[in-house]
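Note that the protein sequences, when read in sequence, are chains A and B. Note that full-length UniProt numbering numbers the first sequence so that position 252 is 252, with each residue one more than the last. Note that full-length UniProt numbering numbers the second sequence so that position 39 is 39, with each residue one more than the last.
No lab work stands behind these hints, which were simulated from the structure alone. Just so you know, even glycine gets a beta-carbon here, dropped at the ideal spot from N, CA and C. A portion of the hints provided could be inaccurate.
As the list claims (entries may be wrong) - Restricting the straight-line Cα-Cα distance to at most 25 Å, the calculated cross-link-like pairs of lysine to any residue (SDA-like) are:
id	chain 1	residue 1	chain 2	residue 2
1	B	Lys113	A	Asn46
2	B	Lys139	A	Phe161
3	A	Lys52	A	Lys258
4	B	Lys309	B	Lys131
5	B	Lys113	A	Ala53
6	A	Lys52	B	Lys131
7	A	Lys258	B	Asp27
8	B	Lys131	A	Ala166
9	A	Lys258	B	Thr164
Unchecked claim - Covered by chain A, per the in silico footprint, the following chain B stretches (three or more residues, Cβ under 8 Å):
id	stretch
10	80-90
11	135-146
12	264-278
13	321-330
One-letter residues, chain by chain:
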Amino acid sequence: MTTLSDPPKGGFRLSMLINDTRYRSYTFQFIALIALIAAFGYLGSNLVANLKAAGLNISYRFLGEPAGYDINQRLIEYTSQSTHLRAAMVGALNTLLVAVVACFFATIIGVIVGVLRLSKNWLVNKLMGVYVEIFRNVPVLIWILIIMAVFVAVLPQPREFRGDDATASMVLGSFAFTGRGFYFPKPVFGPGSMIVVLTFIASLVGIWGYRRYAKQQLFDHGRMVSTLWPSIGLFFVPTILMFFIMGQPITLDYPALKGFNFQGGIYARNSFIALTFALSIYTAAFIAENVRAGILAISTGQTEAAASLGLRPGRIMNLVILPQALRVIIPPLISQYLNITKNSSLAIAVGYMDITGTLGGITLNQTGRAIETVLLLMAFYLIISLSISAVMNVYNNSVKLKER
Amino acid sequence: MKKSVFFGAMTVAALAAGAAAAGTLDDVKARGKLNCGVTTGLVGFAAPDANGEWQGFDVGVCRAVAAAVLGDPSAVEFVPTTGKTRFTALASGEIDMLARNTTWTFSRDVDLKFEFVGVNYYDGQGFMVPKALGVSSAKELDGATVCIQTGTTTELNLADYFRTNNISYEPVPIETNAEAQPLYLEGACDVYTTDASGLAATRAAFENPGDHVVLPEIISKEPLGPLVRHGDSEWGDVVRWSLNALIAAEELGVTSANIGEMSMAAGDNPEINRLLGTEGTLGEMLGLSADWAKNAIMAGGNYGEIFEKNIGENTPIGLGRGLNAQWTDGGLLYVPPFR
């Protein structure tokens, strides 16, 4: 007598689309989809009709034409004779550069501040609280402008390094901190330098392997193997040895004041530094709160249990609290990374040529192709944001609670 | 539900944009106000004074058009636009005309579908440097850091000039003139480049204008003029001939001082009579009142008066007439006859 619970078989009737709960939701979803497509179709055709009435069209031909303008910060080869597409790529790389560097610093500052904000030291605790509240509650554009203005006004300009009565001088003879940006010595890789670089990479792998071995020893045999000094040794010794064996193939190109500006070395522009710094400390304030929330989400019993096992406070944080807290921290951290990437479009406020400045700024202006460039910009930011989400979700899956 | 409201709003917005394509002249008359796009603030050309009243050379053109169409030079809504937003503002119908020292170029005229109605200032791109640098020619600027206003023809001219002269430079793009000033004064850039008139105006606003020099090189032709949307020739004619009326008035010796007397009755000069509406039906042909040109000239005086008052040699900006003199004085100002 089990047939009673079986659903009635066969006989699909059209009325079931409305009356049967199994199909009803599909019906409504289908209607909603049609309505959505129709709405977008209407907007699209409206746009095309209005553009036609104004004698304009949608065309991406301009991407292949010479851009005609120069860009100061270029990570790839670019001249004013390159195409608009190339200019957009230069801008895209600049956006990615600022986003990656700002995410890196924001994470470090955020984690440190978040942990310190839980400190029992009253002064440290309150100072971090003030930092978080100030930076979280003032718009990031204001921070970018303030930092740029202070940067330009406070640091000496290259002209102050000039002449016999120069009021500013280079630090250690090789670093110049000017209102136009920072100049560092640049390593020049001569012949044979590849071997040195490869040695360095090999020693990094060696350090990783050694630490793995030490962990294995600890887990399998309960033996503590010292890791700190061997790691430091592995880090420096082989590379330095190889450097001298190969006859010092890597030299430094020092910046020097020539004409109007410092020439040579690595030049980090004031706009890049101000933008990265502003985005980092602004977003770090949010990350600090995420970190604090994550740590507070771990019950105090865990800390007490770890302490009763004899772990030192630093180890409790590293081995017990943070690994568990990461599960709570990572999802909001993803959205902070997305925020940094999107906020980097404020770059034009300080004249940093990101993709909004090249494709969405000068190219848009010179070609007048507003709709086309804005669509491209939207696609770019969408793709970047989704990629960041995807990567971070993979990481999130790797640290989240494994249910066995 | 939320989505449908959103789409409804989008549809309304799209329809409203479509409606703006009707005759601009009728729109302006019905509105009783002229929406005129100007700069966000460039002393001498368009900037609010201490009382918040917009003053300047470009503002004078806006007021003349408003006076010609509406009979009231104050019936203008000034819309500040940046180099980036100006064309979108005009194309979308947010403004009726743009008088924002905008260079007349082929692609703007043809590809962007605008109509330049004339030239109110013949300009060229120049360079300004601090005197202390000891630079006397733009060719000595190898390796210099150059501040440019982004979204203008200047950055293209700059790239071309430095490339053809085979010298390097570091461009620093700046959104507005106001943002460029502190960067230049603090020394974050060695050179500031824009139209020579803009340089003079910017320098006039400095604390010590004498510490800065404008280099002799003029690297481009920059005919600046008001523009309107393509495809509305009636409105284009109104703006064009309002500007022409100002220039013709100077040529014919009609000033704000003697215009009251001259427009009372037809005089000896038939062209003045036609211009001021005491003879013929020029105003009617434009769809305006007979005294349209009289109103336009009374708004701020003729071209020469507006020039002298805002950017002339006796103002802090101190620009000479140069190319902007009447053709009879060796300049380029030459308007077609009023007949």
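Hints, verified against the model:
1. In summary, the hint linking B/Lys113 to A/Asn46 is supported, as the alpha carbons are separated by about 19 Å, within the 25 Å threshold.
2. Distance hint between B/Lys139 and A/Phe161 is fulfilled; the C-alpha atoms sit about 23 Å from each other, no more than 25 Å.
3. The straight-line distance between the Cα atoms of A/Lys52 and A/Lys258 is roughly 54 Å, outside the 25 Å bound, and the hint therefore fails.
4. Between the alpha carbons of B/Lys309 and B/Lys131 the distance comes to roughly 28 Å, so the proposed pair goes past 25 Å and is violated.
5. For the hint pairing B/Lys113 with A/Ala53, the CA-to-CA distance comes to about 11 Å; that is within 25 Å, so the pair holds.
6. The suggested pairing of A/Lys52 with B/Lys131 is violated, with an alpha-carbon distance near 52 Å, which exceeds 25 Å.
7. With a CA separation close to 59 Å, the supplied pair A/Lys258 and B/Asp27 exceeds the 25 Å bound.
8. A hinted pair counts as satisfied when its Cα atoms are at most 25 Å apart, and B/Lys131 with A/Ala166 qualifies at roughly 18 Å.
9. Taking the CA atoms of A/Lys258 and B/Thr164, the gap is near 22 Å; set against the 25 Å cutoff, the hint holds.
10. Proximity of the stretch 80-90 of chain B to chain A, defined as three or more residues with a beta carbon under 8 Å from a beta carbon of that chain, is established by the 4 residues found.
11. Against chain A, the stretch 135-146 of chain B contributes 5 residues with a C-beta closer than 8 Å to a partner C-beta. That satisfies the three-residue criterion, and the hint holds.
12. Restraint check on the stretch 264-278 of chain B versus chain A: 0 residues with Cβ-Cβ distances below 8 Å, three needed, restraint violated.
13. Proximity of the stretch 321-330 of chain B to chain A, defined as three or more residues with a beta carbon under 8 Å from a beta carbon of that chain, is not established by the 0 residues found.
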